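Based on the sequences and whatever the hints tell you, model everything.
In case you want the letters, here they are:
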Amino acid sequence: MSNVPNELKYTKSHEWVRIEDDGSVTIGITDHAQDLLGDMVFIELPETDANYTAGEECAVVESVKAASDVYAPITGEVIAVNEELGDAPETVNQDPFGNGWIFKMTPEDAGEIEELMDAEAYRELIASESH
Amino acid sequence: MHEQSKANSHQLIFEHSRDGRVNGAHHLDGQADISAIPEALLRRTPPGLPQVSEMDGVRHYTRLSQKNFSIDTHFYPLGSCTMKHNPRACNTLSMLPNFLARHPLAPARFGQGFLGCMWELQEILKDVTGMQAVSLTPMAGAQGEFAGVAMIRAYHDARDDHERREILVPDAAHGTNPATATMCGYTVREIPTDANGDVDVDALKAAVGPHTAGIMLTNPSTLGVFDRRIKEIAEIVHQAGGLLYYDGANLNAILGKVKPGDMGFDVIHMNLHKTFSTPHGGGGPGAGPVGVSERLRPFMPIPVVGRDDNGAYRWLTEQDLPQSIGRLSAHMGNAGVLLRAYVYALLLGREGMERVADYATLNGNYLMARLAQAGFDMALPSRRATHEFILTLKRQAAEQGVTAMDFAKRLLDYGYHAPTTYFPLIVPECLLIEPTETESKESLDGFVEAMCAIQQEADDNIETLKGAPYTLPSRRLDDVKAARELDLKYQPPKDAAGQ
Amino acid sequence: MPFIPHNDADTRAMLDAIGADTIEDLFDEVPAELRADALQHVPAGRSEMAVTRLMHGRAAQDTQPLNFIGAGAYEHHIPAAVWELTTRGEFYTAYTPYQAEASQGTLQLLYEFQTMMAELTAMDVANASLYDGASALAEAVLMAVRANRKSKSKRFLMPANVHPVYRQVVETIVKHQGITLELLDYDARGGHLDPASLPGEPGDICALVIPQPNFFGVLEDVDALTDWAHGHGMLVIAVVNPTALALLTPPGEWGRDDKTRGADIVCGEGQPLGAPLSSGGPYFGFMCCKQKHVRQMPGRIIGATVDQDGKPGYVLTLQAREQHIRRSKATSNICTNQGLLTTAATLYMTLMGPDGLRQTAAHSHANTRQLCERLCAIDGVEKIFDRPGFHEAVLRLPRPAAEVLTALEDRGVLGGFDLSGHYPELGNAILVCATETKTAEDLDLFASALKDVLA
Numbered sequence: 001m002s003n004v005p006n007e008l009k010y011t012k013s014h015e016w017v018r019i020e021d022d023g024s025v026t027i028g029i030t031d032h033a034q035d036l037l038g039d040m041v042f043i044e045l046p047e048t049d050a051n052y053t054a055g056e057e058c059a060v061v062e063s064v065k066a067a068s069d070v071y072a073p074i075t076g077e078v079i080a081v082n083e084e085l086g087d088a089p090e091t092v093n094q095d096p097f098g099n100g101w102i103f104k105m106t107p108e109d110a111g112e113i114e115e116l117m118d119a120e121a122y123r124e125l126i127a128s129e130s131h
Numbered sequence: 001m002h003e004q005s006k007a008n009s010h011q012l013i014f015e016h017s018r019d020g021r022v023n024g025a026h027h028l029d030g031q032a033d034i035s036a037i038p039e040a041l042l043r044r045t046p047p048g049l050p051q052v053s054e055m056d057g058v059r060h061y062t063r064l065s066q067k068n069f070s071i072d073t074h075f076y077p078l079g080s081c082t083m084k085h086n087p088r089a090c091n092t093l094s095m096l097p098n099f100l101a102r103h104p105l106a107p108a109r110f111g112q113g114f115l116g117c118m119w120e121l122q123e124i125l126k127d128v129t130g131m132q133a134v135s136l137t138p139m140a141g142a143q144g145e146f147a148g149v150a151m152i153r154a155y156h157d158a159r160d161d162h163e164r165r166e167i168l169v170p171d172a173a174h175g176t177n178p179a180t181a182t183m184c185g186y187t188v189r190e191i192p193t194d195a196n197g198d199v200d201v202d203a204l205k206a207a208v209g210p211h212t213a214g215i216m217l218t219n220p221s222t223l224g225v226f227d228r229r230i231k232e233i234a235e236i237v238h239q240a241g242g243l244l245y246y247d248g249a250n251l252n253a254i255l256g257k258v259k260p261g262d263m264g265f266d267v268i269h270m271n272l273h274k275t276f277s278t279p280h281g282g283g284g285p286g287a288g289p290v291g292v293s294e295r296l297r298p299f300m301p302i303p304v305v306g307r308d309d310n311g312a313y314r315w316l317t318e319q320d321l322p323q324s325i326g327r328l329s330a331h332m333g334n335a336g337v338l339l340r341a342y343v344y345a346l347l348l349g350r351e352g353m354e355r356v357a358d359y360a361t362l363n364g365n366y367l368m369a370r371l372a373q374a375g376f377d378m379a380l381p382s383r384r385a386t387h388e389f390i391l392t393l394k395r396q397a398a399e400q401g402v403t404a405m406d407f408a409k410r411l412l413d414y415g416y417h418a419p420t421t422y423f424p425l426i427v428p429e430c431l432l433i434e435p436t437e438t439e440s441k442e443s444l445d446g447f448v449e450a451m452c453a454i455q456q457e458a459d460d461n462i463e464t465l466k467g468a469p470y471t472l473p474s475r476r477l478d479d480v481k482a483a484r485e486l487d488l489k490y491q492p493p494k495d496a497a498g499q
Numbered sequence: 001m002p003f004i005p006h007n008d009a010d011t012r013a014m015l016d017a018i019g020a021d022t023i024e025d026l027f028d029e030v031p032a033e034l035r036a037d038a039l040q041h042v043p044a045g046r047s048e049m050a051v052t053r054l055m056h057g058r059a060a061q062d063t064q065p066l067n068f069i070g071a072g073a074y075e076h077h078i079p080a081a082v083w084e085l086t087t088r089g090e091f092y093t094a095y096t097p098y099q100a101e102a103s104q105g106t107l108q109l110l111y112e113f114q115t116m117m118a119e120l121t122a123m124d125v126a127n128a129s130l131y132d133g134a135s136a137l138a139e140a141v142l143m144a145v146r147a148n149r150k151s152k153s154k155r156f157l158m159p160a161n162v163h164p165v166y167r168q169v170v171e172t173i174v175k176h177q178g179i180t181l182e183l184l185d186y187d188a189r190g191g192h193l194d195p196a197s198l199p200g201e202p203g204d205i206c207a208l209v210i211p212q213p214n215f216f217g218v219l220e221d222v223d224a225l226t227d228w229a230h231g232h233g234m235l236v237i238a239v240v241n242p243t244a245l246a247l248l249t250p251p252g253e254w255g256r257d258d259k260t261r262g263a264d265i266v267c268g269e270g271q272p273l274g275a276p277l278s279s280g281g282p283y284f285g286f287m288c289c290k291q292k293h294v295r296q297m298p299g300r301i302i303g304a305t306v307d308q309d310g311k312p313g314y315v316l317t318l319q320a321r322e323q324h325i326r327r328s329k330a331t332s333n334i335c336t337n338q339g340l341l342t343t344a345a346t347l348y349m350t351l352m353g354p355d356g357l358r359q360t361a362a363h364s365h366a367n368t369r370q371l372c373e374r375l376c377a378i379d380g381v382e383k384i385f386d387r388p389g390f391h392e393a394v395l396r397l398p399r400p401a402a403e404v405l406t407a408l409e410d411r412g413v414l415g416g417f418d419l420s421g422h423y424p425e426l427g428n429a430i431l432v433c434a435t436e437t438k439t440a441e442d443l444d445l446f447a448s449a450l451k452d453v454l455a
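Chains as they are written, first to last, in my numbering: chain A, 1 to 131; chain B, 1 to 499; chain C, 1 to 455.
Treat the hints as calculated values from the structure; they're not laboratory data.
It should be emphasised that the depicted structure is a prediction, and the values quoted were computed from it without experimental measurement.
Beta carbons: idealized from backbone N, C-alpha and C, even for Gly.
Certain hints may be false.
[Unchecked claim] Residues of chain B placed beyond 12 angstroms of chain C at every Cβ, according to the derived structure:
| id | residue |
| --- | --- |
| 1 | P192 |
| 2 | H238 |
| 3 | R395 |
| 4 | D459 |
[As the list claims (entries may be wrong)] Derived Cβ-Cβ restraints for the label pairs, each shown as a range:
| id | chain 1 | residue 1 | chain 2 | residue 2 | range |
| --- | --- | --- | --- | --- | --- |
| 5 | A | E120 | B | D487 | 41 to 47 angstroms |
| 6 | C | L181 | B | A195 | 36 to 42 angstroms |
| 7 | B | E463 | A | P5 | 34 to 40 angstroms |
This is how it looks when you write it as structure tokens:
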């Protein structure tokens, strides 16, 4: 049973989103996703200052068995990326919602965040996806 | 083994290297004058290639070879790879000195023997596949696929039909299929496979339209079963204006029995390193000739062998095929591999080829029946096996925590190369098993016994499997470390004295 | 039945176990209307003895005159041990090393191969081979698009003195990727890409391709070209001859600017390293790159690791980028590569060593120079380009190349490659090559034959 913190928002492609006090958002991949992918070997981070539209591929998380795209959950500009993942990609496995964050964005439209899934909906999604 | 030899057995050739060791037999007499080359363009330090005697080099690589499994030494029931016996005559006769010495740009009149072999191979492959023309140039299955999809694109472009942007691919397809479609500028849409292992025809009907460029299929499919509705599928795609591409990876199952041309395919690629027994060589070279229907003939990759009215052979090039998709290699592809396939075809002959599918299918069904009788679960138990079938360890994974990977590694200890694991991706914990026609009944029986023994071990103590292999040159290798801490070449220790 | 071991008793026992009467029953899921008629154009099977005779007869038709053609495929001596060992069953009939524990021989060999290619090119990493030099260049172009994150363009600068068929292959393979290949003219006197003629403001270009030597055999000013490209934000793709690298500055050291030194991607044809001419294949393509681009490099890559007992071992790594996992987003669709040829190349480089390779390069250079001296002593024959070359040269003849070459063939000499098809501006020009395999007598034979033809 994977961890699904209640205070976060989620996407269908297994990203989580945390709204920070200053209106920026922090993004990573969920516990469910890291479990499916297995041991991380490399994280290809987005470009700082790059702009992405919601649903656009912006990063890649690579394990031994798969290289999976990470999609921007909302439209906005990347303001920070987690450089520590360069030396320690396994942080994404160990602490996916904390130190395993991947990048931060300033949203173009705060309303987009409201449309993301809440924890309950995400729990239902992963329940339906398992056989 | 003596402790010293054991310690040395992992040594790299560079660790045997000693400054100043040269191979005297290759020493060339006389000083070569290189004064015409400007100093600034000359290399300042020699490359760090090994400096060893011929004895040391031969010994090192002979020992390395002995660490490998190979068809010559082990049974390889690798689904979709067709690991059949590689006849030695194919090697000897392809490596006759005059064949080896021939420069690719030497005029055709000095290569009529070689070109005659290539011409006949084209004719044989046309017959076997039921297609109208064959190009031998693609250097592997993936290049053949590229040629096939590129020809489909050229066909639609030539008709100014630019709306067709999508290639359909079954969800069970080999990874090269969607990768190829993308290389040709298409988007990929996956079509689900139904519970019987056939393409979901209703989903297909919903997916086709004026945006469909074509579909890439294998039949028998990657699930090891013959898609019975293939003619219907062909009609659906053709009616929507798309073309059909056949991935010939499983041709061994139907050689001589069914022709892809008769099934409605417009273009096919063959894997000669599978069906025509050219050696796998630890990862190639292969050859992936393509066969085409009449409407794709103008687009074939060049060069293709042609024959004049007076029986002389020559290469057909840009002038002869102005609409060709072009060249895929600097010369004409993997000539030496094609010669091996030709010799194989001559040795088998027409009756031999018709028997390949018979005995490949007999062996596939026998192995499936025996394993099912021994208590293993098949992915598609109600279907006939073709030359291959899928065994699933889903139940054992759920009940005992043992995986397909565990079985695979333990099989190595029993002297069997593991079957294909985790492909196709849609069947969980699967083993795709293809014995081929060159294995004897005893060989198959031995494999069944090994599988049963391993299941017993799993029942007794799962750790036995988890720790496998035990008896090979290495235990289970850490591929996470390999990907995280990239070490892709030898670097001599910085403090090494007197290297 | 060739290669099928079953006797009647086996077949019967197996059918019984399956519960079928005949082998035909096993095909009952195949619709009857799809069952093929008998094969028409496949001859009846022959014994190995008969096939041996047939093939010997075919080979006997193909006696080749003394060869002076290069143009991308080079005749070098291959030590006998190379193919003796390469065709050992354990190498020859081994599969792709997906089950690493059962393939340590092949995997360690490939790790050694990668090391040798990295050394030869002075680059950080090498892959375990691609199909050939031409398709390797195509893959390098596709890789540069992925790797050059600063550039938004898919424009490439391609010198016209890069092998013309390589350029055609690149066009065929990259055709649907929105990539443009802009041709750069070569200097009429030197045959090279003159750095002084490069545009001052080239715009946003993804990469410059630099051959060394180029197709004419001429040596390029690689440092100036590399610095120019890097100075304009382009990547450098080097297309190199591996034998030449025993003698010449390797692409990892091209350029005088410390900060940007070295080609970014290196590719080329590996045939000179142990592959016989063999009508053009199988050969192999090699590719190397700077460390920072390694995840964009196509093809198989072997990495060192340890097993669960801590013993060193080797595995295929970075597979997540490859077709069997990444599928439609893979770096390439390549699956099978040219494994046996890399085995031969590794053996070749080991048995020749750095000295042997250097001698091969030096003697090939010297022989070609001496050949040119003899041929240019003949009235009407002249060397077109005045810059030094590696082991090939372009000569202009007083009569059309095709007829001269045919007449030379009648006198037992394959005189070179006719350039008038690809480079009509050069007139009656041929590309000649004399490797270390040619003796003084061979060069004399060519010269006297040509003198005879032109008399």
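Cross-check of the supplied hints:
1. P192: Holds: least Cβ distance 16 angstroms, greater than 12 angstroms.
2. H238: Its Cβ never comes within 12 angstroms of chain C, the nearest being 16 angstroms, so this holds.
3. R395: 23 angstroms, holds
4. D459: 23 angstroms, holds
5. A/E120 - B/D487: 41 to 47 angstroms: About 46 angstroms separates the Cβ atoms of A/E120 and B/D487, which means 41 to 47 angstroms holds.
6. C/L181 - B/A195: 36 to 42 angstroms: The hinted range 36 to 42 angstroms is violated for C/L181 and B/A195, with Cβ atoms some 49 angstroms apart.
7. B/E463 - A/P5: 34 to 40 angstroms: 36 angstroms, holds
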